[in-house]
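Participant: Sequence:
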Amino acid sequence: ALLRAKAKKRYLLIYFTSSDTNRMFHKLFKKRIFNTSTFVKYSKKHFVMLYGDMPRSKYIPSSILKVTKEIRRMYKVKTIPTIAIISPKGEYVDQVRYRQGGPKDYIKHLRSIIKDYESEESSGDDDDDDDDDDFYDEE
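In our numbering, the protein residues as written are 46 to 184.
Any given hint could be a false lead.
[Said to hold, decoys possible] When the alpha-carbon atoms are kept at most 25 Å apart in a straight line, the in silico PhoX-like pairs for lysine-lysine are as follows:
1) K114 to K153
2) K75 to K89
3) K160 to K86
4) K89 to K149
5) K75 to K114
6) K111 to K121
7) K51 to K72
8) K103 to K153
9) K121 to K103
10) K75 to K103
11) K51 to K121
12) K134 to K90
13) K103 to K54
14) K51 to K90
15) K160 to K111
16) K160 to K121
17) K149 to K72
18) K153 to K51
19) K53 to K89
20) K72 to K90
21) K53 to K103
22) K51 to K86
23) K160 to K134
24) K72 to K153
25) K149 to K75
26) K134 to K121
27) K149 to K160
28) K134 to K76
29) K121 to K86
30) K51 to K103
31) K153 to K121
[Said to hold, decoys possible] Label-pair restraints from in silico Cβ distances:
32) R49 to K86: 34 to 42 Å
33) H91 to Y137: 43 to 51 Å
34) K123 to R144: 32 to 40 Å
35) R142 to R101: 31 to 39 Å
36) K72 to G169: 22 to 30 Å
Hints listed in this document are in silico derivations from the structure and should not be mistaken for laboratory results. Where a beta carbon is used, it is the ideal one built from N, C-alpha and C, also for glycine.
Model the full structure from these sequences, guided by the hints.
Facilitator: Here's what the structure looks like:
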């Protein structure tokens, strides 16, 4: 999925869930966001989607579960359900959870996160930059 996102220059959205333990949120995401025509149409043009299910009682091949857990660990996803947003370069952007408001608001929220990330990236901002003289007031 990451190679496809890189090739298409699209962001990767990884939906981490446990379909058998987070049923309510899983259904909310699917019914109110993912399966809506608005989100499907938009995501086909702008994202590569990856579904990372980690059920507790349903069988899933251990090789798939191992990869899903490693991706979850790599992008520091602590709680599920969560969507990790990954840049076309493979860099972690942010995480989002379910939000009320429907697919248009959800898309707007995702676009805002991506826009902020891209503006920080293009301006060369680095959160580890220690030479921010304006941060402290001098007395």
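Participant: Hint by hint, which ones does this structure get wrong, listed from lowest number up?
Facilitator: Structure breaks hints 1, 7, 8, 13, 15, 21, 28, 29, 30, 32, 33, 34, 35 and 36.
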